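Using the sequences plus the hints, can you model the full thing?
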Amino acid sequence: MALRGNLRDFTITQLLNLINLAQKTGTLVVDGPSEQAHISFRDGKLAYAKIGAEDNSLAAVLHKGNKLNANQYRAIAERSGQMTDKELGLLLINAGYVSQEDILLNLQAYFTDVIRRLFTWVEGFFRFENEMLPPDDRINVKLDLENLIIEGSRQLREWEELQDEIPSLDMALKFTDRPMTNLNLSVEEWRVVKYINPKNTMKQIASAAKLGDMEIRRIVYGLIQAGLVEMVRPLSAHAVPQVNPKMFPTQDKEEQKTLINKLIGRIQKL
Amino acid sequence: MQTVKMVVTGPFSAGKTQFIQSVSEIDVVATERKVSSASERSIKDATTVAMDFGRITVDEDLVLYLFGTPGQKRFDFMWEILSEGMLGFIVMVDSTRPETFREARSILETFRAYAPTPFVVAANKQDKKDAWELEDMRHALRLDAKTKLLPCVATNKTQVKQVLLELLYSILAEMESGK
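Chains P and Y supply the protein sequences, listed in that same order.
Counting along the first sequence from 1, when you hit position 204 you're at 206 in this note's numbering, and nothing is skipped either side.
Counting along the second sequence from 1, when you hit position 71 you're at 1206 in this note's numbering, and nothing is skipped either side.
Quick caveat, the hints were computed from the structure, so don't treat them as lab data.
As the structure is a computational prediction, the values presented were derived from the model and not from experiment.
Fair warning: there could be bad hints in the mix.
[As the list claims (entries may be wrong)] In the DSS-like style, the derived pairs of lysine-lysine whose C-alpha atoms are separated by at most 30 Å in a straight line are:
1) Lys-1281(Y) <-> Lys-255(P)
2) Lys-47(P) <-> Lys-66(P)
3) Lys-1296(Y) <-> Lys-271(P)
4) Lys-1281(Y) <-> Lys-205(P)
5) Lys-201(P) <-> Lys-1283(Y)
6) Lys-271(P) <-> Lys-1263(Y)
7) Lys-176(P) <-> Lys-201(P)
8) Lys-144(P) <-> Lys-69(P)
9) Lys-271(P) <-> Lys-1281(Y)
10) Lys-259(P) <-> Lys-1292(Y)
11) Lys-1281(Y) <-> Lys-176(P)
12) Lys-1281(Y) <-> Lys-259(P)
13) Lys-1140(Y) <-> Lys-271(P)
14) Lys-26(P) <-> Lys-144(P)
15) Lys-212(P) <-> Lys-176(P)
16) Lys-144(P) <-> Lys-66(P)
17) Lys-1281(Y) <-> Lys-1264(Y)
18) Lys-1140(Y) <-> Lys-255(P)
19) Lys-1296(Y) <-> Lys-255(P)
20) Lys-1283(Y) <-> Lys-205(P)
21) Lys-264(P) <-> Lys-1283(Y)
22) Lys-1292(Y) <-> Lys-271(P)
23) Lys-1281(Y) <-> Lys-264(P)
24) Lys-196(P) <-> Lys-1281(Y)
25) Lys-1140(Y) <-> Lys-1296(Y)
26) Lys-1283(Y) <-> Lys-255(P)
27) Lys-201(P) <-> Lys-1281(Y)
28) Lys-196(P) <-> Lys-212(P)
29) Lys-271(P) <-> Lys-1283(Y)
30) Lys-1292(Y) <-> Lys-264(P)
31) Lys-1140(Y) <-> Lys-259(P)
Here it is as structure tokens:
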């Protein structure tokens, strides 16, 4: 039976576990919220990973790992032409810019990071293509999945806990009365703080700050724990709470108040 | 005959059934509701869910129904259905079980997101010696100063009445502010 389904029913961690135990070879294709990921395996070990249209060439990976500076990366990108990653790798090793170990470690770190990003995907179709192998012009690695699976399980628990703490991103945030001075916040936390306003829902803040569901929950949870912000209903154009027409059998406001007073009278008499 | 609804929610075993039983004129009926494919979220086949149901007749024209949500997390898809059209809701929290406070907080935030209706939090089992103090519970539940946190013993009719009354006062206050 084809290995395919939805992340809603089968998490990335569970998929990695299956691939590891079954020692599968092939490529896991996952359709995420806004991009697609390709993760390739050989005999149950991670070989290669790509997410969306991100440049995952050897030059880009080494630049990300600070093994190549921006000028070197640009020069390689302009002049490498049809050179494969393997050829480029040999060139860089022979020229003394990097070692073989550097290349493998950086590729492993990059591919692992792609999988970590997939851990935050909770919805999306996946399929495992037995015949699809990594591109020929890319360098493959051979990375055991056990540690990634453990990390994924831990992230899943964290995700469930964060969802319990902040079940809905349709709520907004406001600052508490606690004074905010001498705060040490990360860049992402400051980015979120910039948008805090009872008019902005957490979903809107996440979109503006380009953060995923898990990231915004993690940041907001930290701010809540520190007593800096609290969750509130978002302010809409109507500042006054709206009575839901379904709450009362009558739409007349005076009759609604009479009804509530009747209820109060009745309960007092119980 | 006009009917209005309040929802009593909270973690499993917080005292929801007992709360409703204390004031309901009928024995609390654990109603079996069939969940249709139109309303279910994650359950593939139609299933039945037990909910508490109590009634207070005001007069020949008006009845208040009290619905107790299923406590188990796997029935949380029913919460949204129950919250539709409610006047307000009560979150019951077992004061002697701090391990349930996080879940109570989560339920509270979920209901707040469903409906902009008034609510109160009832700290149940306040008669027990290992019950948390209300102010400590307020911090643990991260309730702001405006949220009513009320002591409650769900078997005590007077205290249950007071919780319902405080919710009704909040509903009235919100209606007054909407003038």
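Verification of the hints:
1. Lys-1281(Y) <-> Lys-255(P): holds, 25 Å
2. Lys-47(P) <-> Lys-66(P): holds, 23 Å
3. Lys-1296(Y) <-> Lys-271(P): holds, 9 Å
4. Lys-1281(Y) <-> Lys-205(P): Status holds; Cα separation ~25 Å.
5. Lys-201(P) <-> Lys-1283(Y): holds, 24 Å
6. Lys-271(P) <-> Lys-1263(Y): Status holds; Cα separation ~27 Å.
7. Lys-176(P) <-> Lys-201(P): holds, 9 Å
8. Lys-144(P) <-> Lys-69(P): Roughly 21 Å separates the two Cα atoms, so the pair holds.
9. Lys-271(P) <-> Lys-1281(Y): Holds - the C-alpha atoms of Lys-1281(Y) and Lys-271(P) are around 27 Å apart, at most 30 Å.
10. Lys-259(P) <-> Lys-1292(Y): Holds. Lys-259(P) to Lys-1292(Y) sits at ~25 Å (cutoff 30 Å).
11. Lys-1281(Y) <-> Lys-176(P): holds, 15 Å
12. Lys-1281(Y) <-> Lys-259(P): holds, 22 Å
13. Lys-1140(Y) <-> Lys-271(P): holds, 19 Å
14. Lys-26(P) <-> Lys-144(P): holds, 13 Å
15. Lys-212(P) <-> Lys-176(P): The given pair, whose Cα atoms are some 20 Å apart, holds under the 30 Å limit.
16. Lys-144(P) <-> Lys-66(P): holds, 20 Å
17. Lys-1281(Y) <-> Lys-1264(Y): With Cα atoms ~27 Å apart, Lys-1281(Y) and Lys-1264(Y) stay inside 30 Å; holds.
18. Lys-1140(Y) <-> Lys-255(P): holds, 17 Å
19. Lys-1296(Y) <-> Lys-255(P): Given pair Lys-1296(Y), Lys-255(P) holds - Cα atoms ~25 Å apart, limit 30 Å.
20. Lys-1283(Y) <-> Lys-205(P): holds, 28 Å
21. Lys-264(P) <-> Lys-1283(Y): Cα-Cα ~22 Å, so holds.
22. Lys-1292(Y) <-> Lys-271(P): holds, 11 Å
23. Lys-1281(Y) <-> Lys-264(P): holds, 25 Å
24. Lys-196(P) <-> Lys-1281(Y): holds, 26 Å
25. Lys-1140(Y) <-> Lys-1296(Y): Holds - the C-alpha atoms of Lys-1296(Y) and Lys-1140(Y) are around 16 Å apart, at most 30 Å.
26. Lys-1283(Y) <-> Lys-255(P): Cα-Cα ~25 Å, so holds.
27. Lys-201(P) <-> Lys-1281(Y): Given pair Lys-201(P), Lys-1281(Y) holds - Cα atoms ~20 Å apart, limit 30 Å.
28. Lys-196(P) <-> Lys-212(P): holds, 13 Å
29. Lys-271(P) <-> Lys-1283(Y): At roughly 22 Å apart (the allowed maximum being 30 Å), Lys-1283(Y) and Lys-271(P) satisfy the hint.
30. Lys-1292(Y) <-> Lys-264(P): holds, 19 Å
31. Lys-1140(Y) <-> Lys-259(P): Status holds; Cα separation ~15 Å.
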